[in-house]
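Enquirer: The residues making up each chain are set out below.
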Amino acid sequence: MPVPILKQGDCLIASIQSALTDADMLDLRDELSDRVGRFRSKGVIIDVTVLDVLDSFASRTLRTISEMVRLRGAETVIVGIQPGVAFSMVQLGLSLDGVTTVLDLEEGLAHLERSRRARAALAGG
Amino acid sequence: MDDVSVTIRSDADVVAARGMGRSLAEDYGFGMTDVTMIATAISELARNILKYAHEGEIVVETVQRNSRSGVSVVARDDGPGIADVGLAMQDGFSTADSLGLGLPGTRRLMDEFEIVSSPGAGTIVTAIKWLR
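As you go down the protein sequences, you meet chains U and X in turn. The first sequence begins at 1 in my numbering and counts up by one. The second sequence begins at 1 in my numbering and counts up by one.
Chain U with its partners taken away, still in its complex shape (with noise of 0.2 Å):
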């Protein structure tokens, strides 16, 4: 099932509905590097908060998506890793190095805002 992704302002947000077989990660990874030079977007969030696994490809792929995008010159943020989901990965000696990653959508949005106040800050000085 693909994953819807919205638009807003200068982000993107990619909101995971259920769980993802490897095909839909790959398409999630194409679609945003695509759409983030489609519309410029400066920042990418990948809301996680429904999947109940994050096994090795799945960790591969959000370090993979979170390195393309940055390449294509926009920010990833990896909101919403539950408790069991960040202890299992812990114990499969999973890391997501190089990622950031915040508690929720919310705090994912705000992260977002201080790259921009900060980037703002950089023009105009």
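In case anyone wonders, no lab produced these hints; they're calculated from the structure. Keep in mind the model is a prediction, meaning the values are calculated, not measured. The C-beta atom is built at its ideal place from N, Cα and C for all residues, glycine as well. There may be inaccurate statements among the hints.
Unchecked claim - Cβ-to-Cβ under 10 Å is the rule here; a few derived chain U residues that face chain X: (1) A19; (2) M25; (3) L28; (4) L54; (5) D55; (6) S56; (7) F87; (8) S88; (9) L92; (10) L94.
To be verified - Which stretches of chain X does chain U cover? Using the computed rule of at least three CB atoms under 8 Å from a CB of chain U, they are: (11) 14 to 22; (12) 41 to 52; (13) 106 to 112.
What the hints assert, rightly or not - Simulated DEER-style distance windows between Cβ atoms: (14) V90/U with S67/X: 28 to 34 Å; (15) K51/X with P4/U: 28 to 34 Å; (16) Q64/X with L6/U: 44 to 50 Å.
Fit chain X to the known structure of chain U by using the hints.
Expert: Quick look at chain X alone, frame taken from chain U:
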């Protein structure tokens, strides 16, 4: 409680197997964190089947031993097998484009973990999680 058996041939089967394993573990009284660990272990074992054997089976069933109850996950395939199981269980060991974390990581998610495998004879992994 009904056992669950899922043939693993595609990435959609991986999702189906962990979903059914999750339901069984929930129904059996496991808490959220344990259920997530069991589902994650199923996902990794199913992934290994796809990656190395291309086809196999995941069976999730309830087990009783002495006074303990739990669920066992059996991943079975007729693939190439593992020449050196000891080596495969070391963190960092990888034979393909895995992160080399599959088996040792999966063992850490479960309470018991056993591999029976030899080259050309397929692989059977049995992993058990006990109810606390």
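Enquirer: With reference to the structure, classify each hint as holding or not holding.
Expert: Do the hints match the structure? See the list:
1. A19: Interface hint status for A19/U: holds (5 Å vs cutoff 10 Å).
2. M25: Holds: closest Cβ of chain X sits about 9 Å from M25/U, inside 10 Å.
3. L28: violated, 14 Å
4. L54: Result: holds, 8 Å to nearest chain X Cβ.
5. D55: This hint holds: D55/U lies near chain X, its Cβ roughly 4 Å from the closest one there, short of 10 Å.
6. S56: At about 6 Å, which falls below the 10 Å cut-off, the nearest Cβ of chain X leaves the hint on S56/U intact, so it holds.
7. F87: holds, 6 Å
8. S88: holds, 4 Å
9. L92: With Cβ-Cβ at 4 Å, under 10 Å, it holds.
10. L94: holds, 7 Å
11. 14 to 22: Since three or more residues must qualify, the claim that chain U covers the segment 14 to 22 of chain X holds, with 5 doing so at under 8 Å.
12. 41 to 52: holds (count 3)
13. 106 to 112: holds (count 3)
14. V90/U with S67/X: 28 to 34 Å: This hint holds: roughly 30 Å between Cβ atoms.
15. K51/X with P4/U: 28 to 34 Å: Check passed, 30 Å falls within 28 to 34 Å.
16. Q64/X with L6/U: 44 to 50 Å: Holds: the Cβ-Cβ distance is about 49 Å, inside 44 to 50 Å.
The structure fails hint 3 only (numbered hints given earlier).
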